Amino acid sequence: MEWDVVLESFPLIWKGASKTLSLFAWSLVAGTVLGLAVALMKLSSAKTLIWSATLFSWLFRGIPLLILLFYAFFALPEVGWLLSGFWAAVLGLSLWTAAYQAEVIRSGIIAVDQGQTEASDALGMTRSHSMRRIIIPQSIRIMVPPFTSNATTLLKQTSLATLVTVPEMTLLTQRIFSNNFKFIEPIFVLAMIYLAMTTVLIIGQLIVERTFRLRT
Amino acid sequence: MSPNVLVNVSGLHKSFGDAEVLRGMDFEVERGEVVAIIGPSGSGKTTMLRCVNLLERPSAGRIEVDGRILCEEQADGSMSFASKTEIRAVREHVGMVFQRFNLFPHFTAVENVIEAPMAVRGMKRADAQARALELLESVGLAHKADSYPLQLSGGQQQRVAIARALAMDPALMLFDEVTSSVDPELAGEILLVMKRLAQDGMTMLVVTHEMGFAAEVADRVLFIDHGLIVEEGPAQEVLGKPKHERTRSFLRAVLERAPMVEEEADDDAQASTL
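Listed in order, the protein sequences are those of chains A and B. Counting in our numbering, the first sequence tops out at residue 468, every number present. Counting in our numbering, the second sequence tops out at residue 586, every number present.
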C-alpha cells in the first residue's frame, strides 16, 4: 500500500462524507418516525391498522434494499414522480429502515412491565399520556442497543446510493478507481472513514445508555 | 341503591379462555367501610378486585362505583361497558395499590406522586408538589422524596405507591396483596399506614393474607374460594367463628400453617347452599 496515494485519496473521498451523512440523517429520522407509527399501529387494537402495519413490515423487510432504491429512482418517474438520486435514496432507505425500527420500537414497548400500564390506567391517565411519559421513556433504555445496530447498518447501506448516482463517499471512491486504477488505497481510506463513523455511533450508544439507566 | 353504597357489584363473572375464575359474585361496599377479601391462592380475589376499576373486563355482571355504571349486561346478554372517558372518570377517584408496587422507576418518589394530579387533574406543579410532600410526610417518607424507587426498600416503595394513589383524593382505595412482595419485617410499616387510612374514614377494599390486619381493621370480611363468595360477615364472625368448613380449613392453613383440607363436595352444590 502506498501511503502517498492514501493521503491523496482521502480528501477526494472525504468530499462525499457530507452526502453520506445527510443520506444517513434524513433516512434515520424519517425511518424512525415512520417506524414509531408502524409500531404503534401494530400495538393498537384496530384490525385495519394492525394489518396495514404488518403488510408494511413484510414488504420492506422482504424486498432487497437495492431494489427499493431502483424502484424509487427508475420506476417512480414512470408514474410521474421524478425524484433526484438523493431523494430517491432517502425514500428507499427510510422505508427500509422504518420496517426494522418498527420491530425495535415495538419490542421495546412490549418489554416494559405491564404493571406500568396498569398503574397509569388505575390513576386515570389517558393511553397517550402514559405512552409518552411512562412507557416510551422506559422503553428507550431497552431499545438503544438494537436501535444503534439498525443505525450502523443504515449508515453502511447508504453506500448503495452510489447505484442511483448520489455522489456520496463510495461513488467518489469509484471515480478514483477509474481515474488512476488504484484500488487498495482508496478502498482502505473508504473503509476507515465508515469505521470511524460507526465508531462514533457506538460511543453514542454508550452515552445514551448511561443517561437512561435507572438510578439504584 | 342506598346513597351510602359506594360499590355495587352483582352477578360478576370472569373467564380467561376456558377457565372460569369468577363464577357469579354479588357484593356491596359502603362509604367508609373497610372490607377485607381473603381466600386461598387462585380463588379469584385479585381478579375480583381488578374488576372494580375495570383493569379486568368482566365476562358478565354489573358494576357500579360511586353512582357510575362501569358495565352491565344488555337484554340480549352481551356486555356493555362505559366509554373510555367514563372509565377514566371513575378511575380518577379509585386509588389502587399493587402487589409489586408498579412505581414509575424513571421518576423520583415525589415525581411519582405528582404525575397523575398534574396530568389528569391539571394541577399546577407547585400545588401538586406541596400536596405530594404532605402525603409523603404522612407515610413517613418526606426525606425520601428525591429518591428513585430502586433506591428504596420494598416497604418504602409501597408507601410511596400509597401516597401516589392518595394524591388523586380517591373515594375508594383498592389494595391488592400489598404486603406480599416485601420482607415480613417491612410489612408492618405498610399495614400501619393502611390502618391510619382506615381510621381516617377511607373506604377500602383489601385483598390480603394478613389475618391480623383483617381482624383488627376490617369492618367486614369476604371469604372467596373457587370464584365464589363462600362466606361474608363482620370480621370477628368470619375470622372468629367461621360457619363454613371451607373457611375454617383455610384459616387453619393460614394461621397454623396446617395443610388445607380439600373438600370432596362439588363446588356448584356448595354454591347453591349460599
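One thing to keep in mind: the hints can contain errors.
To be verified - Below, a list of computed lysine to aspartate or glutamate pairs in the DMTMM-like style, where the Cα atoms sit at most 20 Å apart:
#1 K396/B <-> E384/B
#2 K507/B <-> E497/B
#3 K396/B <-> D373/A
#4 K396/B <-> E370/A
#5 K436/B <-> E501/B
Derived by calculation from the structure, the hints in this document are not laboratory data. Treat the numbers as computed from the prediction; the structure is a model and nothing was measured.
Checked hints:
1. K396/B <-> E384/B: With a Cα-Cα distance of about 15 Å, the restraint between K396/B and E384/B holds, given a limit of 20 Å.
2. K507/B <-> E497/B: Between K507/B and E497/B the Cα gap is close to 17 Å, so the pair holds against 20 Å.
3. K396/B <-> D373/A: holds, 11 Å
4. K396/B <-> E370/A: holds, 14 Å
5. K436/B <-> E501/B: Measuring from Cα to Cα gives roughly 31 Å; hence the hint is violated.
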